[in-house]
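Please construct the entire structure, taking both the sequences and the accompanying hints into account.
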Amino acid sequence: MHGDNIKNVRNFYMYLNNGAGGYIVYRKAGKGKYSKLAYIDKNTILSYTDKSAKNGTVYTYKIVACKTAGKTSYNAADSNQKTIMRITSSKVTKTTNKAGKKMTVKWSVNSKVGGYQIQYSVKSNFAKAKTVKVTGAKKSNVTIAKLAKKKYYVRVRSFKKVGKTTYYSAWSTTKNVVIKK
Numbered sequence: 001m002h003g004d005n006i007k008n009v010r011n012f013y014m015y016l017n018n019g020a021g022g023y024i025v026y027r028k029a030g031k032g033k034y035s036k037l038a039y040i041d042k043n044t045i046l047s048y049t050d051k052s053a054k055n056g057t058v059y060t061y062k063i064v065a066c067k068t069a070g071k072t073s074y075n076a077a078d079s080n081q082k083t084i085m086r087i088t089s090s091k092v093t094k095t096t097n098k099a100g101k102k103m104t105v106k107w108s109v110n111s112k113v114g115g116y117q118i119q120y121s122v123k124s125n126f127a128k129a130k131t132v133k134v135t136g137a138k139k140s141n142v143t144i145a146k147l148a149k150k151k152y153y154v155r156v157r158s159f160k161k162v163g164k165t166t167y168y169s170a171w172s173t174t175k176n177v178v179i180k181k
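Under the UniProt record's numbering, the first residue of the sequence shown is numbered 1, with each subsequent residue one higher.
Heads up, some of the hints might be wrong.
Here are the simulated lysine-lysine pairs, DSSO-like style, with alpha carbons at most 30 Å apart [what the hints assert, rightly or not]:
hint: 1; residue 1: Lys164; residue 2: Lys31
hint: 2; residue 1: Lys106; residue 2: Lys28
hint: 3; residue 1: Lys54; residue 2: Lys149
hint: 4; residue 1: Lys36; residue 2: Lys112
hint: 5; residue 1: Lys28; residue 2: Lys51
hint: 6; residue 1: Lys82; residue 2: Lys51
Okay, the calculated beta carbon distance ranges per label pair [said to hold, decoys possible]:
hint: 7; residue 1: Lys151; residue 2: Thr83; range: 13 to 21 Å
hint: 8; residue 1: Ala76; residue 2: Val109; range: 23 to 31 Å
hint: 9; residue 1: Tyr34; residue 2: Val162; range: 15 to 23 Å
If you're looking for bench data, these hints aren't it; they were derived computationally from the structure. Glycine is no exception: its CB is placed at the ideal position from the N, C-alpha and C atoms.
Quick look at the structure:
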């Protein structure tokens, strides 16, 4: 099993176990107890999306391969556990050109995070992009200076550090601003 805690933390995929008839997905929130989340038939699907994952909550998932023979069910050993956090993406709400070759970037606030990363580039694919880190969930804007008189593409993502692990949301959609002043 692997998770994608950058693009969409609710999705994860399972590796095929040839002897399994299906898989049971278990989930726990924080340090709570595991509960059965879903049964997945091997013949229909090999991925699962947890649509009930809540913003800002750390979840640990495990998958158990299972098989039924007659009236008896057999479960394999637990899979490796995967811990991920669901973080809702913020979005850039406004970009403004300021005098002195500066721009102000404003974004939507996510109260469940530790901060934001604002990335900007003169290339739409964000090649050679620069990233500004802003800490604090309530922060909603930043002014970036020392820019060239060019068009800049801007995006934002949220992050939260739990223990030694930093979790990120997906990048927002891109906005642009032309630096004229």
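Structure-based check of all given hints:
As the CA atoms of Lys164 and Lys31 are separated by approximately 16 Å, the hinted pair is consistent with the 30 Å bound. With a C-alpha separation of about 35 Å, the suggested pair Lys106 and Lys28 falls outside the 30 Å cut-off, and the hint is violated. Of the supplied pair hints, the one linking Lys54 and Lys149 is violated, its CA atoms being roughly 41 Å apart against a limit of 30 Å. The hinted pair formed by Lys36 and Lys112 meets the criterion: a straight-line CA distance of about 26 Å does not exceed 30 Å.
Distance hint between Lys28 and Lys51 is fulfilled; the C-alpha atoms sit about 14 Å from each other, no more than 30 Å. Of the supplied pair hints, the one linking Lys82 and Lys51 holds, its CA atoms being roughly 17 Å apart against a limit of 30 Å. Here the CB-CB span from Lys151 to Thr83 is close to 40 Å, at odds with the stated 13 to 21 Å. A beta carbon spacing of about 44 Å between Ala76 and Val109 contradicts the range 23 to 31 Å that was offered as a hint.
A beta carbon spacing of about 19 Å between Tyr34 and Val162 agrees with the range 15 to 23 Å that was offered as a hint.
Of the numbered hints given earlier, the model fails hints 2, 3, 7, 8; all others are met.
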